[in-house]
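Participant: Chains as they are written, first to last, in this note's numbering: chain A, 1 to 161; chain B, 1 to 287.
Simulated from the structure, these hints should not be mistaken for lab results.
Simulated DEER-style distance windows between Cβ atoms:
{"hint": "1", "chain 1": "B", "residue 1": "Gly58", "chain 2": "A", "residue 2": "Leu65", "range": "50 to 56 angstroms"}
{"hint": "2", "chain 1": "B", "residue 1": "Gly58", "chain 2": "A", "residue 2": "Tyr31", "range": "56 to 62 angstroms"}
{"hint": "3", "chain 1": "B", "residue 1": "Leu19", "chain 2": "A", "residue 2": "Leu151", "range": "35 to 41 angstroms"}
{"hint": "4", "chain 1": "A", "residue 1": "Arg91", "chain 2": "B", "residue 2": "Gly59", "range": "52 to 58 angstroms"}
A short, non-exhaustive set of chain A residues, derived as facing chain B with CB atoms under 8 angstroms:
{"hint": "5", "residue": "Glu48"}
{"hint": "6", "residue": "Thr49"}
{"hint": "7", "residue": "Met52"}
{"hint": "8", "residue": "Ala56"}
{"hint": "9", "residue": "Val70"}
{"hint": "10", "residue": "Leu71"}
{"hint": "11", "residue": "Gly72"}
{"hint": "12", "residue": "Ile73"}
{"hint": "13", "residue": "Gly75"}
{"hint": "14", "residue": "Leu76"}
{"hint": "15", "residue": "Leu79"}
{"hint": "16", "residue": "Tyr83"}
{"hint": "17", "residue": "Phe122"}
{"hint": "18", "residue": "Ser123"}
{"hint": "19", "residue": "Leu124"}
If you only want the chain B side, here are some residues facing chain A, beta carbon under 7 angstroms, derived:
{"hint": "20", "residue": "Ser10"}
{"hint": "21", "residue": "Gln28"}
{"hint": "22", "residue": "Val29"}
Cβ atoms here follow ideal geometry from the backbone N, Cα and C, with glycine treated the same way.
Chain by chain, the residues run as shown.
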Amino acid sequence: MSRALWTAAALAGAVLVETGLAHLVTAPGRYLDPFLLVVVYCALVFGETHGMLAGAAAGWVQDALFGGRVLGISGLSKLLVGYAVGIGAGRFLIATTAARALVVMLASLADALLLQWLASVFSLEALFLPPLALATRATLSALVGGLLFALVDQRLARARA
Amino acid sequence: MATAVPARRSRFLLVGLVLAHLTAISHQVDGGSGVSLLQRALLGVLGPLQRGVGATLGGASELWRGWAFHRDTYAENRRLREQVRSLETELQLRSFKAQESVRLRELLELRQTVPLDTLAALVVGRDGVPWFRTITLDKGEQDGVKLDAAVISATGVVGRVFAVGPHAARVQVLLDRDSGIAALVERSRVSGVISGQVAGNESGSEDLVFKYVSERADVAVGDLVVTSGLDRIYPKGLVIGRVRFVGQVTGLFRDVRVEPSARFERLEEVLVVRQPPPPLEMTRSVE
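Chain A on its own, in the form it takes in the complex:
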């Protein structure tokens, strides 16, 4: 499966998860961002270029389906996050689950802060999370992401084998 198809499939899964979470809790974005997990994984696995393209695509899908009236805010933030993670992955050895979880945590914080900053720059209404909520969201994303990435890696390894 090509990278693009794989990314598209992953984004489709993120849409399903986000939709499902929306039925379970109010404002699921306060706890978990499935699109961010797709972006971080693409950046870690395929590099910064693919990471930022995936980030842009994920952000636009997220904005279009779950975001506010302005498209591109999440796209821009996830684009930058994807690029940064891809650059980091190219320079550091981020192979263990813990390291990846840490990357997801940092990416989650960066994405949320970037979103809030962009929202303030463009004078938009956005979900401003307090530091505790940010930390909770980052931690939860790190846990989910670490586990998810490990599962995906196993699946891919089996598929290659």
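Got chain A sorted already, so can you dock chain B onto it with the hints?
Facilitator: Just chain B now, with coordinates in the frame of chain A:
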């Protein structure tokens, strides 16, 4: 996992995507007053530059307009100056014509009043000094001007023709010391001879001398002096002037000065008397 895309290309792509996102976002965000954020940002960055360029162009334009205005004003000023000169010339011409008209009317009135055969003539020359003694007329022998013809103006007697050519004549005016007119005081009928006081290039009084007035004669300041016709040159009754001064008796006669009526310094048109008084013929004598 290493990427196959070169880092440089990746950075370009990043910049391009970021700019594309910013553009897309700003197009959706109203920056206030209906202006998008991108437009506001661009205005913020480019505004001062635009203002500088605008100010420079505005200054240059203003300078150009000022120069063009100045050039037009200068040309208009020159045109108006020429127009003013032309109008002044025309005005002077009209004024001259008006004055000439007045003089000619006066002359015509005189011509109609005086029952004499006269010829109008223009003064075309005179002595180049204020106390001139002669004038030159534009009419001569072929026009009917004869030697010793009397010359008069609307205000008084001017003089007599002492030289005549085919188309010009010279006139000895009353101011000349060598001139002489038989005259009389209109009121008292006291007679005498009027002559001038100007000789050569010397300056002299423009008053005329009323000669041969006896000490008992009734002459007073303000009396009108007219021609008596006894000299057979000037017809009788033409105005010469008014007595200005009556002095003491010197010898046998009284010193009397007359102010001439003719304005010699302004003479331009005159009348020449073509038909002199008939000569006295003695048909009979006392034996």
